[in-house]
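A.B. asks: Line by line, the protein sequences give chains A and B.
Here the numbering used here is used: the first residue of the first sequence is 1, the next is one more, and so on.
Here the numbering used here is used: the first residue of the second sequence is 1, the next is one more, and so on.
A couple of the hints might just be wrong.
Said to hold, decoys possible - Beta-carbon label-pair distances, calculated as ranges:
1) A:59 to B:77: 48 to 58 Å
2) A:56 to B:123: 47 to 57 Å
3) B:72 to A:25: 29 to 39 Å
4) B:580 to A:47: 29 to 39 Å
5) A:25 to B:77: 20 to 30 Å
6) A:86 to B:229: 32 to 42 Å
7) B:580 to A:56: 22 to 32 Å
8) B:80 to A:46: 30 to 40 Å
9) B:167 to A:59: 24 to 34 Å
10) A:90 to B:253: 49 to 59 Å
Claimed, not checked - Below, a sample of chain B positions facing chain A; criterion: calculated Cβ distance under 8 Å:
11) 108
12) 153
13) 155
14) 494
15) 576
16) 577
17) 578
18) 581
Unchecked claim - Computed footprint of chain B on chain A; a stretch qualifies when at least three of its residues, placed anywhere within it, have a C-beta under 8 Å from a C-beta of chain B:
19) 1 to 15
20) 33 to 44
Simulated from the structure, these hints should not be mistaken for lab results.
By construction, the Cβ of each residue, glycine as well, lies at the ideal position given by its N, Cα and C atoms.
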Amino acid sequence: MFGAVIGIAYWAYQENIRTKQELAVAEDLQTAIGAARNRLSILRAEWAYQNRPSRLQDLADLNFENLQLTPLRAEHFSRVDEVGFPAPPKINLSDLEIVEIAQRGENEND
Amino acid sequence: MTDTSLRTPLRPLGQILSARAKGEDTRKIERENIKRRHDDTKESTLMRAQGRLLVLGIMFLCLYFAIALRIGLLAASEPSEPKSQRAGASIVAQRADIVDRRGRILATNMDTHSLYVETAHLVDPEGTAIALAEVFDDLDAKSLFEDFTGKRKFLWIKRKMSPEQMQAAHDIGDPGLRFGPREMRLYPNGHLAAHVLGGASFGREGVHAAEVVGVAGIEKTFDERLRDPVQSGKPLQVSLDLSVQAAVEQVLHGGMKLLNAKGAAAILMDVHSGELIALASLPDFDPNNRPKPPSKGQAADSPLFNRSIQGVYELGSTFKIFAVAQALELGLVTPETIVDIRGPIRWGKFKISDYHNYGKELSVSDIIVKSSNIGTARIATMIGSTAQQNFLGSLGFLEPIPLEMVEASGGKPLVQDNWSDLSTMTISYGHGLSATPLHLAVGYAAIANGGYKVTPTLLADRSQAERHRVLSDDTAAASLKMLRSVVTKGTASMGDVPGYAVAGKTGTADKPGKGSYETDKVIATFASIFPAYDPKYVLVVALDEPEDRTGDQPRRTAGWTAVPVSAEIIRRIAPLLGLVPQFEN
Chain A
1 MFGAVIGIAY WAYQENIRTK QELAVAEDLQ TAIGAARNRL SILRAEWAYQ NRPSRLQDLA
61 DLNFENLQLT PLRAEHFSRV DEVGFPAPPK INLSDLEIVE IAQRGENEND
Chain B
1 MTDTSLRTPL RPLGQILSAR AKGEDTRKIE RENIKRRHDD TKESTLMRAQ GRLLVLGIMF
61 LCLYFAIALR IGLLAASEPS EPKSQRAGAS IVAQRADIVD RRGRILATNM DTHSLYVETA
121 HLVDPEGTAI ALAEVFDDLD AKSLFEDFTG KRKFLWIKRK MSPEQMQAAH DIGDPGLRFG
181 PREMRLYPNG HLAAHVLGGA SFGREGVHAA EVVGVAGIEK TFDERLRDPV QSGKPLQVSL
241 DLSVQAAVEQ VLHGGMKLLN AKGAAAILMD VHSGELIALA SLPDFDPNNR PKPPSKGQAA
301 DSPLFNRSIQ GVYELGSTFK IFAVAQALEL GLVTPETIVD IRGPIRWGKF KISDYHNYGK
361 ELSVSDIIVK SSNIGTARIA TMIGSTAQQN FLGSLGFLEP IPLEMVEASG GKPLVQDNWS
421 DLSTMTISYG HGLSATPLHL AVGYAAIANG GYKVTPTLLA DRSQAERHRV LSDDTAAASL
481 KMLRSVVTKG TASMGDVPGY AVAGKTGTAD KPGKGSYETD KVIATFASIF PAYDPKYVLV
541 VALDEPEDRT GDQPRRTAGW TAVPVSAEII RRIAPLLGLV PQFEN
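Kindly produce the complete structure, drawing on both the sequences and the hints.
C.D. replies: Have a look at this one:
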């Protein structure tokens, strides 16, 4: 009986210590998360600042010789049929059979 | 048998027996005996009750002390957040960001520090004052020293500062200089969309934190939403497009400089949803460092003044299409109807004439294409003043537009008190009724979207609550066709952008001066719709006092000023808006 009381008391003490340790770890993590969030928001602001349109415009102007960036205009659009696709591969004689069969199949469907 | 020996007999047998022997009355003895026994019982009961009360009292006292102790502890100890909270649940208590329609940041927060002085802790007031004046250009060493040695115990030096300034102030090393952490509002794009964003400043300030409050624009309109801790993680998405806004502002600024205008405004609106994609007003300002309202001069000349939603101007011939559209709607005319344009029309002292002489008669379509005041006035006479008033009212030209900006209520249109027949005629070609460029955009949107009045909005994805029809489909289509002709063969020939089929109407209105109209100052406006084959956007560009000085004579008409600027804007932004050009031929 007495031993059991001692045992339980020891267990409770242990649990208490462990809980406190975990809480301390959690608190450190919270602080770290807070700091990371803060850093993230500063980085986001920095990113937005570095990518502000006026700066990008200046950069495009400065590097015009190398990049030749101009605003997108209507002339830059073209239709799909104006795109020079690679020529279709030459058909081998041995493939002709397949074409014939395919045509026959189509005719049957009709 | 110890028990029996201790037992007191119920009746005092000894006394009774001896009394009997003497022949006395035994009942008296018995009564006395009973009384004595009763007294004994009473006393012991009393003792027991008192004992119980005492125990109970002590228990309550202990309880009371325990509660008092707990209350005292709770009151005296520093509050702390629950430590075992989940990481995701923690609240980021800061003002919500503002982002554009594609999620790019327009306004966010930054940690900064304030600088204050506790004069009691100052070691070297004079040296500190001199050193501070060196760090901050706008501070004066002499007045600082006076403040430090005066009666005040506490004073703010700087509400916010850069990390470099903070380091420099820290290096002064005086213990009286203190830093307080706080958040500040940052607009990373500088001047971009300054009027829409407005600006923010500090409300209640403490040394540990300061409240950031919106002072103008959407920062003020949505102040509560932005400060709501529940929604602080969720940015406020506005309908503006950052790159489109930047392109519009850039072209507008260039045009304003080139044409020597003192101000300019541009509005780009989605004709179906009423979303404002770009809203610009020049000159503008940096919301990071919002200037103070002007104490002298005209408010309309301040950079804080938003010409596109606050500026009420007579918008000139851009109004003509409304008179014609209404006449078409009422079945009074068709685009081919011939109208007598011989003039001038005289009305008392007043005379209505045309800019050029266009001959004796023009078709309704040509009245718009050539912009004939006389022709429009004749059409307006057919409509009548009440009908005109109702129609312009239904397009929203008589009320301020309920836009989500505090400044919008300032854009109240001006009309004459009595809407006479003369007013009907002048208003038909845009004189006698002053409205904001945004009003004009709403009116043109109704022509562009097939006859529905839209409510402009600055919020992304806000669907129109109810679509209210003001024109029939056919009228809108016929009006649009006329507006397209204005660009292909009329006053706005410089406005054509190959691929994007611009339709629109120019307007050049003399500015009202003292008593009469100025002769050399105009507001040049071009209200356009593009692409005409499938209208998606309406663009209104207004220039304040433009003057093209490249020719022999200064040219001020919208066709030479607002139209080329609009064309360049459309050339730049249409690809950005994802519009694929279509070439008509």
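A.B. asks: Now tell me, hint by hint, if it's right for this structure.
C.D. replies: Hint by hint, here is what the structure shows:
no.: 1; hint: A:59 to B:77: 48 to 58 Å; verdict: 56 Å, holds
no.: 2; hint: A:56 to B:123: 47 to 57 Å; verdict: 49 Å, holds
no.: 3; hint: B:72 to A:25: 29 to 39 Å; verdict: 31 Å, holds
no.: 4; hint: B:580 to A:47: 29 to 39 Å; verdict: 30 Å, holds
no.: 5; hint: A:25 to B:77: 20 to 30 Å; verdict: 23 Å, holds
no.: 6; hint: A:86 to B:229: 32 to 42 Å; verdict: 59 Å, violated
no.: 7; hint: B:580 to A:56: 22 to 32 Å; verdict: 24 Å, holds
no.: 8; hint: B:80 to A:46: 30 to 40 Å; verdict: 33 Å, holds
no.: 9; hint: B:167 to A:59: 24 to 34 Å; verdict: 29 Å, holds
no.: 10; hint: A:90 to B:253: 49 to 59 Å; verdict: 58 Å, holds
no.: 11; hint: 108; verdict: 5 Å, holds
no.: 12; hint: 153; verdict: 32 Å, violated
no.: 13; hint: 155; verdict: 29 Å, violated
no.: 14; hint: 494; verdict: 16 Å, violated
no.: 15; hint: 576; verdict: 7 Å, holds
no.: 16; hint: 577; verdict: 10 Å, violated
no.: 17; hint: 578; verdict: 10 Å, violated
no.: 18; hint: 581; verdict: 4 Å, holds
no.: 19; hint: 1 to 15; verdict: violated (count 0)
no.: 20; hint: 33 to 44; verdict: holds (count 7)
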